[in-house]
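Asks: Those protein sequences? They're chains A and B, same order as listed. Numbering follows the working numbering, with no gaps: position 102 of the first sequence is 296. Numbering follows the working numbering, with no gaps: position 259 of the second sequence is 704.
It should be emphasised that the hints constitute simulated quantities derived from the structure, not laboratory data. Mixed in with the good hints there might be a few duds.
Each computed SDA-like pair below joins lysine to any residue, with the alpha-carbon atoms no more than 25 Å apart [claimed, not checked]:
no., chain 1, residue 1, chain 2, residue 2
1, B, K562, A, W363
2, A, K415, A, I398
3, B, K607, A, V361
4, B, K607, A, I348
5, B, K720, B, K780
6, A, K276, B, N465
7, B, K481, B, P517
8, B, K481, B, A616
9, B, K707, B, K720
10, B, K467, B, V679
11, B, K562, A, A359
12, B, K467, A, R271
13, B, K607, A, K415
14, B, K680, B, R665
15, A, K276, B, G466
16, B, K562, B, S538
17, B, K562, A, V361
18, B, K481, B, I623
19, B, K467, A, S345
20, B, K562, B, R584
21, B, K467, A, V361
22, B, K467, A, L349
23, B, K607, B, E547
24, B, K780, B, L666
25, B, K467, B, K481
26, A, K415, A, E219
27, B, K680, B, V658
28, B, K607, A, R346
29, B, K467, A, R272
30, B, K562, B, Q574
31, A, K276, B, R584
32, B, K680, B, G751
33, B, K607, A, E219
34, B, K562, A, E219
Using C-beta positions, here's what the derived DEER-type ranges look like [unchecked claim]:
no., chain 1, residue 1, chain 2, residue 2, range
35, B, P473, A, G357, 28 to 36 Å
36, A, L280, B, G522, 29 to 37 Å
37, B, P698, A, A359, 52 to 60 Å
38, A, F273, B, G522, 17 to 25 Å
Even for Gly, the Cβ is constructed at its ideal location relative to N, Cα and C.
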Amino acid sequence: MITLQQTNYAFSLNFKGLIVGRTMEYLFEAFGDCMGLIFCFDREIYGIVGRSVVFALTATLLATLFAVPMGFLVGTRRFRGKSGLLTVMNTLMALPTVVIGLLAYGLFSRRAPLGFLDLLFSPAAVIIGEFILSLPIIANLTVSAVQAVDSRAILTAKSLGAGRAMVTWTVLVEARFSLLAAIIAGFGRAVSEVGSAMMLGGNIRFYTRTMTTAIALETSKGEFGFGLALGFFLLLVVFSMNILFHFLQGKGRRS
Amino acid sequence: MTRTGEVPQLELRDVTHRYNGKVVLDVPHLSIQRGKIYCVVGPNGSGKTTLLSIMNLLIRPTTGQLFFEGEPIQYEGGNRLELQRSMAMTLQSPYLFNTTVEGNIAYGLRARGIPRKDRDAIIEDALRQVGLRGFARRRARELSGGEVQLVAIARALVIDPKILFLDEPTANVDTSHIRQLEEVVAAINGDRGTTIILTTHNVSQAYRLADHVFPLFEGRLVSSTMHNVFGGSVKTSPEGPYFDTGKIQVWIPQGFSSASSKYISVNPEDIIVSKEPFASSARNRYEGTITQVIAQEGRVDLVVDGGEIFRVQITEHSFRRLGLNVGSRVYVTFKATCVHLL
Numbered sequence: 195m196i197t198l199q200q201t202n203y204a205f206s207l208n209f210k211g212l213i214v215g216r217t218m219e220y221l222f223e224a225f226g227d228c229m230g231l232i233f234c235f236d237r238e239i240y241g242i243v244g245r246s247v248v249f250a251l252t253a254t255l256l257a258t259l260f261a262v263p264m265g266f267l268v269g270t271r272r273f274r275g276k277s278g279l280l281t282v283m284n285t286l287m288a289l290p291t292v293v294i295g296l297l298a299y300g301l302f303s304r305r306a307p308l309g310f311l312d313l314l315f316s317p318a319a320v321i322i323g324e325f326i327l328s329l330p331i332i333a334n335l336t337v338s339a340v341q342a343v344d345s346r347a348i349l350t351a352k353s354l355g356a357g358r359a360m361v362t363w364t365v366l367v368e369a370r371f372s373l374l375a376a377i378i379a380g381f382g383r384a385v386s387e388v389g390s391a392m393m394l395g396g397n398i399r400f401y402t403r404t405m406t407t408a409i410a411l412e413t414s415k416g417e418f419g420f421g422l423a424l425g426f427f428l429l430l431v432v433f434s435m436n437i438l439f440h441f442l443q444g445k446g447r448r449s
Numbered sequence: 446m447t448r449t450g451e452v453p454q455l456e457l458r459d460v461t462h463r464y465n466g467k468v469v470l471d472v473p474h475l476s477i478q479r480g481k482i483y484c485v486v487g488p489n490g491s492g493k494t495t496l497l498s499i500m501n502l503l504i505r506p507t508t509g510q511l512f513f514e515g516e517p518i519q520y521e522g523g524n525r526l527e528l529q530r531s532m533a534m535t536l537q538s539p540y541l542f543n544t545t546v547e548g549n550i551a552y553g554l555r556a557r558g559i560p561r562k563d564r565d566a567i568i569e570d571a572l573r574q575v576g577l578r579g580f581a582r583r584r585a586r587e588l589s590g591g592e593v594q595l596v597a598i599a600r601a602l603v604i605d606p607k608i609l610f611l612d613e614p615t616a617n618v619d620t621s622h623i624r625q626l627e628e629v630v631a632a633i634n635g636d637r638g639t640t641i642i643l644t645t646h647n648v649s650q651a652y653r654l655a656d657h658v659f660p661l662f663e664g665r666l667v668s669s670t671m672h673n674v675f676g677g678s679v680k681t682s683p684e685g686p687y688f689d690t691g692k693i694q695v696w697i698p699q700g701f702s703s704a705s706s707k708y709i710s711v712n713p714e715d716i717i718v719s720k721e722p723f724a725s726s727a728r729n730r731y732e733g734t735i736t737q738v739i740a741q742e743g744r745v746d747l748v749v750d751g752g753e754i755f756r757v758q759i760t761e762h763s764f765r766r767l768g769l770n771v772g773s774r775v776y777v778t779f780k781a782t783c784v785h786l787l
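Looking at chain B on its own, in the form it has when it is part of the complex (with noise of 0.2 Å):
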């Protein structure tokens, strides 16, 4: 139960999964609420497809438990099927099968029995809202990238799924399906109140579209967004602990237990860029040069090279206030206690 007292949709507890004797992924809890746009963001190789496969019962984890609305799951002769069946998922790369759009679409229809009459009105209602009408009788090898992943899409929403998974929906899809995709999915949580849960690689376009984010890394939800990530080792000082990444020296906090973590991340928010060097009690201070400048509805992403590439976050305000712009000299600050160890 969470804290308003609702039944989650879909909960996971104490999840693990293992690959060749390798834990790939490690979910102590996840509570999905119904109605709501949940977008797990990690690099490559996260586990973002393993959490998303076991969320669909595709996988059985190694280890936990599955709540689908507060019924435990039974994966061997229990309500697997039946649950699953209430749910769809499409990959990264969407297999269509070797038929026509409309054979590829009716699939899971006929997976559920539904008779051949109710079929078309349901498929030509999935085609409208993708962008696609007029596709039915087109064959389905024959479709763009973008034109597939819409496809899925229909595919998946025809059956009228409770939670609808999208695996790196943008993926393998062209800049100008991009925006329609992003639309398709915001109508159909708007229209249909599915719950969606998609991966991305992209943190921009996961807090442009999700109720809520979950950064994946390593296997593990962390809470850190995933932009400043380094890689390297905590070592010590008689100033304190640090860690190197081979290229800048982070300052950590004190006492900072996993001295076995390999990764760093700093949220982009939490870095102050100025022109000049300022007394303050942050601790990191990296001189850099400004390579890249992305303008994002009210705020502007700055990529600094500064040893290490740090992603910066900042207001329009301050962008112009600054007079920043590709190839300024800048400083990045930020405090030892904003350093998440991962």
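Next comes chain A alone, as it looks inside the complex (with noise of 0.2 Å):
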């Protein structure tokens, strides 16, 4: 005899199961999409993903051109004030996108103390925003990557004749495959935010779209199929870098 509890159980177990198979459903067409998406070649849709892969690199080599030299610096001398520095740092690393894109905005717009520049709503805004979204992120990993250096490396390159410059270059050498994951993170920051983006890019077609702000407007469109297919061609983009990226290590590492 089926009790009351069992068929709310059987009830409760098929309900589920409907579920589960509708999202799997909606997960397989999102990709099918997402492949549709890549194979048809449409110039828009390869515009924003190469637009959001230039805005984001460009923003992590600029972060990474001062996050590295400030990292270096923090990571191996001793100053007053230290420790405070590199918990304003680790706090940064947690700043929201939404949070820079405000701070910028109220720094770019006409009125604003820099609007004379005429940043807002451009791409230099955009990447402007992952800049200081990576920022913290690099230097920060940077500290982490030439602390965890051998304090003999320092010790042997002086005693074999190396002035300041070779010593810093031998231990950021030394501290190569951290690096690069300092920069991969910088870049995984970058290429996926979308608040400031949005809010500094104004996700303006042909010129400051990028994959993360036409997803938010796919999405606030209901068009949430597509919004995922987008998604899933981010994560193969930033995959495809990854992998490129992690060549590059094992190159390094072999060399």
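Assembling the complex is the task here: the two chains are given apart, and the hints tell you how they should meet.
Replies: Structure representation (structure tokens):
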């Protein structure tokens, strides 16, 4: 005899199965759409992908130029207030992207102090936002990377007659695998952020629209499937970039 | 200037170094002549590495002055880097950069701007000298402890240093590589005329390798070797001052001024071993048992447990004549004047 409780349980299982089944169907459909997006070679879609990668790479490159020397100095020097600075740097890693967007918006809007630069709703503004987001990540991970280098490396370099610049370069080379991981993390943060890109770039078609802002737009239009397909595409792009970085890491290890 | 009138290659005058307010090195004068092998011998924590790092200009001493071939060293914006580049040092536990053996050895050459095309022959020659031919392409991190030490020496050699500093070169090396390393050190000195300054806590090795041995104890150069060093305190009695180690009492000369000294030492050659007690002017005599016999080219080192552990050096002839062996009961005797206060 089937009790009410058992019936409810069976119903609950069926309902869950229905949901799981529909979810899987939805995901497969989105993945299929994603493949369609890849192989349709649509100019707009590839433009969005290209823009996302170029903006994120540019921001990451600029952030690396600032963050690595900064991280090196903080990691290797002893100075007053170092632990306070490290706490601030750690906090900045968790900075919400919309906060960056708001702050930068406040700086770049027409009547703001930097309004004369006319950067708002331009690719440069998106890059600046992504730069600010990836900078603390790369700087913090650089601090960890150089601190993890054996202290004998510096002593050995000096004892072999290396000057200050060569000693610095040697430490960075010894920390190269961790540094590359830091840069990859910075790139990941830049390419996946949406808040500041939306506020500073304005999601302008063929100009500042990136994959994340496009996903946000499609989702707001109720096109969840298409948004998810773009999300898969973004994941594939990041996955490809990571494979490239890991290939470079492997090459470094062998050399 | 030395007594022969030759300008020392490296000279330290009134050098002291403090660490956390504590004096860890105090060297009133030290003179290094070119082409010789010097050995700084002392126990762990005696200041050997600090002394080497100061001589290699890696550390600036708290006080005092260094002279390289008569020229005073200027640390800030002076000739330090240039002079440091004419020397090289290997660490006790050498650090090899995470690249190939070749990449490591080329480091000093790159620091000196030697073109890539000239490097290969120099690297090959250095690898040959240390007995590591064919190792150029090997990963540095895949080498054994002895090979790491030899690569570090090759890395230092390629820059053709005027002075080569080796900090405990055999400390982390298996016994099969120790003899090889000692031969390499002697060959470098013989073939190239490089001045070599090495540290060790192995007294036998120091005397085997070096032209001059500097015993270092608690940051001070002392006249005795590092065997038979006993800790304790100076005390007085109606018969004169003595040093109490807690296990034995050692008579020390009358009028010993350094009553604050915490260590004494006795040279192994100054101790007489006998099977029976004998009448003599020597005031210190202890009965003990031989616990170890070490044969050393023409002489024998005995380790005698006589309350404290004594190291005694006798000839092979005496060893055979007395019929000694491990477990033999013996007397160790030495004069109060043979006791050095450290």
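Asks: Each hint should be assessed against the structure and marked as holding or not.
Replies: Status of each hint after checking the structure:
For the proposed pair K562 (chain B) and W363 (chain A), the alpha carbon gap of about 22 Å is at most 25 Å, so the pair holds. A threshold of 25 Å between alpha carbons decides the hint, and for K415 (chain A) with I398 (chain A) the separation of about 16 Å falls inside it, so the pair holds. Only pairs whose Cα atoms come within 25 Å are accepted, and K607 (chain B) paired with V361 (chain A) is accepted, the gap being roughly 22 Å. Of the pairs offered as hints, the one joining K607 (chain B) and I348 (chain A) holds, with about 22 Å between alpha carbons and a cut-off of 25 Å not exceeded.
For a cut-off of 25 Å, the pair hint linking K720 (chain B) to K780 (chain B) stands: about 18 Å separates their Cα positions. A threshold of 25 Å between alpha carbons decides the hint, and for K276 (chain A) with N465 (chain B) the separation of about 21 Å falls inside it, so the pair holds. Simply put, K481 (chain B) and P517 (chain B) have alpha-carbon atoms about 21 Å apart, close enough for the 25 Å limit, and the pair holds. Distance hint between K481 (chain B) and A616 (chain B) is fulfilled; the C-alpha atoms sit about 22 Å from each other, no more than 25 Å.
Taking the CA atoms of K707 (chain B) and K720 (chain B), the gap is about 31 Å. The hint is violated against a cut of 25 Å. As the CA atoms of K467 (chain B) and V679 (chain B) are separated by approximately 23 Å, the hinted pair is consistent with the 25 Å bound. At most 25 Å may separate the alpha-carbon atoms for a hinted pair to count; K562 (chain B) and A359 (chain A) meet this at roughly 23 Å. Of the pairs offered as hints, the one joining K467 (chain B) and R271 (chain A) holds, with about 24 Å between alpha carbons and a cut-off of 25 Å not exceeded.
For the proposed pair K607 (chain B) and K415 (chain A), the alpha carbon gap of about 77 Å is over 25 Å, so the pair is violated. Restraint check for K680 (chain B) and R665 (chain B): the C-alpha separation of about 23 Å stays at or below 25 Å, so the hint holds. For the hint pairing K276 (chain A) with G466 (chain B), the CA-to-CA distance comes to about 24 Å; that is within 25 Å, so the pair holds. Between the alpha carbons of K562 (chain B) and S538 (chain B) the distance comes to roughly 31 Å, so the proposed pair goes past 25 Å and is violated.
The hinted pair formed by K562 (chain B) and V361 (chain A) meets the criterion: a straight-line CA distance of about 23 Å does not exceed 25 Å. Pair hint K481 (chain B) plus I623 (chain B) holds up; C-alpha atoms about 20 Å apart against a cutoff of 25 Å. Restraint check: the Cα-Cα separation between K467 (chain B) and S345 (chain A) comes to about 23 Å, which is no more than 25 Å; the hinted pair holds. For the hint linking K562 (chain B) to R584 (chain B), the alpha-carbon distance of about 21 Å falls within 25 Å, and the restraint holds.
With a CA separation close to 29 Å, the supplied pair K467 (chain B) and V361 (chain A) exceeds the 25 Å bound. A C-alpha spacing of about 23 Å is found between K467 (chain B) and L349 (chain A), which places the hinted pair at or below 25 Å, so the restraint holds. With a C-alpha separation of about 22 Å, the suggested pairing of K607 (chain B) with E547 (chain B) holds against the 25 Å cut-off. A threshold of 25 Å between alpha carbons decides the hint, and for K780 (chain B) with L666 (chain B) the separation of about 23 Å falls inside it, so the pair holds.
As the CA atoms of K467 (chain B) and K481 (chain B) are separated by approximately 32 Å, the hinted pair breaks the 25 Å bound. For the suggested pair K415 (chain A) and E219 (chain A), the alpha carbons sit about 21 Å apart, so the restraint of at most 25 Å is met. A distance of roughly 31 Å separates the Cα atoms of K680 (chain B) and V658 (chain B); the hinted pair therefore is violated under the 25 Å criterion. A distance of roughly 23 Å separates the Cα atoms of K607 (chain B) and R346 (chain A); the hinted pair therefore holds under the 25 Å criterion.
Between K467 (chain B) and R272 (chain A) the CA atoms are separated by roughly 21 Å; this keeps the pair inside 25 Å, and the hint holds. Distance hint between K562 (chain B) and Q574 (chain B) is fulfilled; the C-alpha atoms sit about 20 Å from each other, no more than 25 Å. A hinted pair counts as satisfied when its Cα atoms are at most 25 Å apart, and K276 (chain A) with R584 (chain B) does not qualify at roughly 37 Å. Of the pairs offered as hints, the one joining K680 (chain B) and G751 (chain B) holds, with about 21 Å between alpha carbons and a cut-off of 25 Å not exceeded.
A threshold of 25 Å between alpha carbons decides the hint, and for K607 (chain B) with E219 (chain A) the separation of about 76 Å lies outside it, so the pair is violated. Only pairs whose Cα atoms come within 25 Å are accepted, and K562 (chain B) paired with E219 (chain A) is rejected, the gap being roughly 64 Å. As the Cβ distance of P473 (chain B) to G357 (chain A) is approximately 33 Å, the hint placing it in 28 to 36 Å holds. For the hinted restraint 29 to 37 Å between L280 (chain A) and G522 (chain B), the CB-CB distance of approximately 32 Å keeps it satisfied.
Between P698 (chain B) and A359 (chain A) the beta carbons are some 58 Å apart, a value that agrees with the proposed interval 52 to 60 Å. Against the hinted window of 17 to 25 Å, the Cβ-Cβ separation of F273 (chain A) and G522 (chain B) comes to about 22 Å, which satisfies the hint.
In the structure shown, a violation is registered for the earlier hints numbered 9, 13, 16, 21, 25, 27, 31, 33, 34, in ascending order.
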